[in-house]
Amino acid sequence: MSDHGAKRSSLAASAQAMGRGVQSLWLLAALLVVWEIAARLAGSLFVPPVSQIFVAFVDTWLSGSPSSLFLSDQFRVDVLPSLARLGLGYGAAAAIGISAGILIGVWRPAGAFFNPLIRLGMSVPVTALLPIAIVLFGITSGMNVFLIALGCLWPILINTYDGVRGLDRTVVTAARSMRLTRRRYFLQVLLPGASPAIFVGMRISIGIALVLMVISELYAATAGLGFYIVSQQRLFRFPELWAAIVLLALLGILFNAIFAVVERVLLRWHRNVRPEGAEGH
Amino acid sequence: MISRRIGAAAAVTALLFASACGGGYDAAGSANATTKVSVTTFGCEIWNTWAISKGVYVKHRLDVELVRSGGGSAAVAAVLSGAADFGYVNGYTAINAYNTGFPIQMVSGANVNALPPAKPAQGVFVGKDSPITSPADLAGKKIAVNEINGINQIVTASWLKANGVEPESVSFVALPFAEQIPAVLSGRVDAAQLGYSLLGNNNDGVRSLADPFASSNKVYIATYVAAKSFVAKGDAAKRFHEAMTETAQQLNDPANKDESFRLLSECQKVPAETLAAQPQNAIEAAVDLAALDRMAQQMVDLKMMQKKPDLEPFVTDFARS
Amino acid sequence: MSDVRVSHPVKADVPAPSPSGVPTAARRRGPTPDWAYGLAGIATMFVVWELVVRTGAVSADSLPYPAATMRRAGELLVDATFLTEVAQTLWAWLLAMLAASAVGIPLGLTLGYFSAFYRPSSSVVHAGRSIPSSAFLPIAILLFGLGTQMKVSLAIYAIFWPILLNAMYGVRDTEPLMLATGRSMGWGRTRLLTRVVLPSAAPSIATGLRVASSTALIVVLSAELLGATSGVGTVITTYQQAQRPDFVYAGILLVGLLGMALYYGFNLVERLVVPWGQAQRESGR
Chain A
1 MSDHGAKRSS
11 LAASAQAMGR
21 GVQSLWLLAA
31 LLVVWEIAAR
41 LAGSLFVPPV
51 SQIFVAFVDT
61 WLSGSPSSLF
71 LSDQFRVDVL
81 PSLARLGLGY
91 GAAAAIGISA
101 GILIGVWRPA
111 GAFFNPLIRL
121 GMSVPVTALL
131 PIAIVLFGIT
141 SGMNVFLIAL
151 GCLWPILINT
161 YDGVRGLDRT
171 VVTAARSMRL
181 TRRRYFLQVL
191 LPGASPAIFV
201 GMRISIGIAL
211 VLMVISELYA
221 ATAGLGFYIV
231 SQQRLFRFPE
241 LWAAIVLLAL
251 LGILFNAIFA
261 VVERVLLRWH
271 RNVRPEGAEG
281 H
Chain B
1 MISRRIGAAA
11 AVTALLFASA
21 CGGGYDAAGS
31 ANATTKVSVT
41 TFGCEIWNTW
51 AISKGVYVKH
61 RLDVELVRSG
71 GGSAAVAAVL
81 SGAADFGYVN
91 GYTAINAYNT
101 GFPIQMVSGA
111 NVNALPPAKP
121 AQGVFVGKDS
131 PITSPADLAG
141 KKIAVNEING
151 INQIVTASWL
161 KANGVEPESV
171 SFVALPFAEQ
181 IPAVLSGRVD
191 AAQLGYSLLG
201 NNNDGVRSLA
211 DPFASSNKVY
221 IATYVAAKSF
231 VAKGDAAKRF
241 HEAMTETAQQ
251 LNDPANKDES
261 FRLLSECQKV
271 PAETLAAQPQ
281 NAIEAAVDLA
291 ALDRMAQQMV
301 DLKMMQKKPD
311 LEPFVTDFAR
321 S
Chain C
1 MSDVRVSHPV
11 KADVPAPSPS
21 GVPTAARRRG
31 PTPDWAYGLA
41 GIATMFVVWE
51 LVVRTGAVSA
61 DSLPYPAATM
71 RRAGELLVDA
81 TFLTEVAQTL
91 WAWLLAMLAA
101 SAVGIPLGLT
111 LGYFSAFYRP
121 SSSVVHAGRS
131 IPSSAFLPIA
141 ILLFGLGTQM
151 KVSLAIYAIF
161 WPILLNAMYG
171 VRDTEPLMLA
181 TGRSMGWGRT
191 RLLTRVVLPS
201 AAPSIATGLR
211 VASSTALIVV
221 LSAELLGATS
231 GVGTVITTYQ
241 QAQRPDFVYA
251 GILLVGLLGM
261 ALYYGFNLVE
271 RLVVPWGQAQ
281 RESGR
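Residue numbers (UniProt numbering), protein chains in the order written: chain A, 1 to 281; chain B, 1 to 321; chain C, 1 to 285.
If we strip away everything but chain A, and leave its shape as in the complex, we get:
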């Protein structure tokens, strides 16, 4: 392919990507316009118009120098620690949830043993465990990480468990008759078979992680996005408060987009493998 052709195709690709962006964001944009009009008509101090929030957003988060990617000091002070906690908590939940989910999925007594405890754990608001988290971790990021991890754990754990338990019986029987080694069974049958369900759990947990990131910082934190939100709320600074909420929403969109890409890449491999396994009987 000539250089010229390559350039053109990359142009076409970016145009296509832009088209996709417009396609997926127009509704959001339309809702923001509705918000702007409604807020102007209502004139409530609690819900400022989008334009005012946008100004606050830029002032608060994007007033930095170009060398720091325009990110403001406030962003460094409050958002980066929150994101670090989110990453650690989510990572821990994924690691523990997937391994424990597989364990209780393959070993029935363990599944029966933990099942009621898991249901109970799911039904208790994570925030109610704040005092215990403080005692265990002190007033450190560890406390926030713990709460985030705990909240994200359940969906990942249960979905992994379901994925393992729900493995196609024909596949399991086939694997059994082939007398696969434990290692091969695990890597080639169990993990691929359970991975769609595992991904489902991990995907739900992203939203939970963001919510808990904020909630866990309402107390016992000295910095963070949640901390910022409460302090602005206390001072009745609603445009700044909404700017933080908008940042959260953007993070939600971003994380889901990243996750969708990762899932597509990983599960494409899976989808290629699976039909052979599922339909090869």
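To be clear, the hints were calculated from the coordinates, so they are not data collected in a lab. There could be a bad hint or two in this list.
Label pairs and their calculated CB-CB ranges [stated by the list, open to error]:
id	chain 1	residue 1	chain 2	residue 2	range
1	C	G74	B	Q249	42 to 48 Å
2	B	S171	A	V55	53 to 59 Å
3	C	A80	B	S171	41 to 47 Å
4	C	A87	B	S53	52 to 58 Å
5	C	A87	B	R61	51 to 57 Å
6	A	T170	B	S171	47 to 53 Å
Note that the structure is predicted; figures quoted are calculated from it, not measured. Cβ coordinates follow ideal geometry from the N, Cα and C atoms, glycine included.
With the hints as your guide, set chains B and C onto chain A.
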């Protein structure tokens, strides 16, 4: 094709409907407010408990219904939406909300700090054996308060400032009251600012560095705000203030102490003897404009507010001392 | 593939694949019933809890002993006021579930069905579900006051997204082959919708509702903890202020049990109403 368009239109309408519910609300108070009023509450305020059981509200032709709500923006939202007629907020929050532009007015005071010669009701508590003995020792330390940017933080920061410690050098950590003393005792925070009445059974484990409220002179710990339109509409706000004044008189009468603790004990599920042993904040229904002004100045000094608002129109005439 | 699906009940007759492919020793000896293991699990929890407090890892001021908590739970269970508040919480839960499903399911079906809406609405959904509903507390109070309506509105906000998302994914997951077959048979839109799309989306919708049911309870409770006029949360707050952790944890434990009961109840209903969901999921699609 047509039906697909209709479907699409229906979907848009549904979304618009779902999102546009966030419209405005009329801020006017309820129509039958002449007798029936609702008052937000945190839990068991002694003045409400007293005024209800002793018929003080009824005497002033008020049928009071208590509705539980958090303070701050929740209480302000409650009075502006008409969900409550009187909102319980601390003086700083009230000034801040007014300064932000919310159409509210202060109609009554309730709780102020106990000033000498009374026993201080508030303290900055450290562990009994803590090396911290003076405000200067707190520089760079962690202090637990109930809410970030709340009244306890403002008062403590002002106290530090008055003692030559830069408030920015300490970090304030929000902890529920019940968790503060355990956190101090386990060394997870260095100090906590709360009232003696919230120490629980840890009176012996901690000591207080000082009453930070004393350095601020008089601080309104609890006040009531109402929507401006509600105040203008009738004399219910005035009667509420009069009822509060009468309640304050009765509660400040030493002869009524035991009875008030007995009532409070029923509501709070804490033994009356425990309550009686704890120094309490003072009750004051009249609003001292000079004190409010100092409170506003404190917030300006702490950079929580740009400039001091004109408090004249904020405090209703009948509520002033 | 449904996006939000948390779990389905374990059917005892599904053989657990042991890694070696050989039945485990325990199974050969004659199976211990699942409930026995479950009870052992609960018992272990209490033992660990007791040990944690007894050894002083967590002080009894922060976490009461299990025995004391159970005693208080017993007291609360016969306390008429407490039960009334439980009823209030459940009422708010029910209203939120009904309202969110009434709007979320039809809307999700619509958005999932028309591909022009699918992608734009997913970005709205992902934005919306990342925001904790407690951030809207002042606005909810402004619009709905301090009563049940406010709690319900916050809970609706929190559970609207999983319900909507699952309905959307449910429609999107309709087997294209089945749709094509239906079309080739000359079925009209209505018929396709009721015979193909709805049945295939139903399991996913049910899953969304199940997820929503536990979330709704947690949000209603949190709203009550933050400020509301009635409900279990207000009882817990009162005890918190009185510094009675034994009652606080008894309340939390009872709420957890309530959530568990709702969860198992939902499972039962789901199995009765959407029996094909189970088979569909177990075929490991």
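Do the hints match the structure? See the list:
For the hinted restraint 42 to 48 Å between G74(C) and Q249(B), the CB-CB distance of approximately 44 Å keeps it satisfied. For S171(B) and V55(A), the Cβ-Cβ distance of about 30 Å falls outside the hinted range of 53 to 59 Å, so the restraint is violated. Between A80(C) and S171(B) the beta carbons are some 45 Å apart, a value that agrees with the proposed interval 41 to 47 Å. A C-beta distance of roughly 27 Å is found between A87(C) and S53(B), which places it outside the suggested range of 52 to 58 Å.
Checking the proposed 51 to 57 Å range against A87(C) and R61(B) shows it is violated: the Cβ atoms sit about 34 Å from each other. Taking 47 to 53 Å as the suggested C-beta distance range, the pair T170(A) and S171(B) does not conform, at roughly 60 Å.
Hint check: violations occur at hints 2, 4, 5, 6; the rest are consistent with the structure.
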